[in-house]
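Novice: Here is how the chains run, residue by residue.
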Amino acid sequence: DVKVTQSSRYLVKRTGEKVFLECVQDMDHENMFWYRQDPGLGLRLIYFSYDVKMKEKGDIPEGYSVSREKKERFSLILESASTNQTSMYLCASSPLGREGLTGELFFGEGSRLTVL
Amino acid sequence: KQEVTQIPAALSVPEGENLVLNCSFTDSAIYNLQWFRQDPGKGLTSLLLIQSSQREQTSGRLNASLDKSSGRSTLYIAASQPGDSATYLCAVSLTLYSGAGSYQLTFGKGTKLSVIP
Chain A
-7 DVKVTQSSRY LVKRTGEKVF LECVQDMDHE NMFWYRQDPG LGLRLIYFSY DVKMKEKGDI
53 PEGYSVSREK KERFSLILES ASTNQTSMYL CASSPLGREG LTGELFFGEG SRLTVL
Chain B
3 KQEVTQIPAA LSVPEGENLV LNCSFTDSAI YNLQWFRQDP GKGLTSLLLI QSSQREQTSG
63 RLNASLDKSS GRSTLYIAAS QPGDSATYLC AVSLTLYSGA GSYQLTFGKG TKLSVIP
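So the protein sequences, as listed, match chains A and B. Under the working numbering, the first sequence has 87 at position 95, and the numbering climbs by one with no breaks. Under the working numbering, the second sequence has 114 at position 112, and the numbering climbs by one with no breaks.
Because the hints were derived from the structure by calculation, they are not lab data. It should be emphasised that the depicted structure is a prediction, and the values quoted were computed from it without experimental measurement. Mixed in with the good hints there might be a few duds.
Per the computed footprint, the stretches of chain B lying under chain A, defined by three or more beta-carbons under 8 Å from a beta-carbon of chain A, are [stated by the list, open to error]: (1) 31 to 39; (2) 45 to 58; (3) 109 to 118.
Stretch-level coverage of chain A by chain B, calculated; a stretch enters the list once three of its residues show a Cβ under 8 Å from a Cβ in chain B [what the hints assert, rightly or not]: (4) 34 to 40; (5) 94 to 106.
Cβ coordinates follow ideal geometry from the N, Cα and C atoms, glycine included.
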């Protein structure tokens, strides 16, 4: 079975702190994603990576950065956490489909971040 | 821009009933469509993936169908159980190739299903 592991299920941070959210997948998938999920807004893509050291902005990249130094690991970084970044963060991975399209998506358990 | 709609937003049924969840999308140029289940406070669990060339997929009591021409997919759940209570989301992947790896995935906002014992 594909396993996507997010390092922290629950985090509480203070405004202005630097926050790292780690995600590891064990299926050698090319694509990795970070989403945030908020009530009424659904899932919104923050960043996407299709290869090591490659990244692309999603719909809401402001206030976030990412790092992908190894194929299996994709990190989300909040440089200076703010209260409006309180949310559920979901990491996902997928293999490449034909012509670089996105294959089946697998999610981690989520990280619930609260910024005080 | 692709839009994915799931109606109703919430559904309550008695245990044992067969039910259908709906997913509609505006752009029929899709690569695949995926159904997920999400339990409260958890991540999404993949249920079924339908490639654009397929009409349906089955897994146990679940059957998902795809009609690209009408922009619709349905998830049929047979003999519902209280353990089926969750939010069900669909997501479509477009065939648009961006040249830098395509990530054109669009999610619906989900249907919250409650199965009453």
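Novice: Take the hints in turn and mark each one as holding or not.
Specialist: Here is how each hint holds up against the structure:
1. 31 to 39: Since 4 is at least three, the answer is holds.
2. 45 to 58: Answer holds; 5 residues pass the 8 Å Cβ test.
3. 109 to 118: holds (count 4)
4. 34 to 40: holds (count 4)
5. 94 to 106: holds (count 10)
Going down the numbered hints, you'll see the structure goes against none, and every one checks out.
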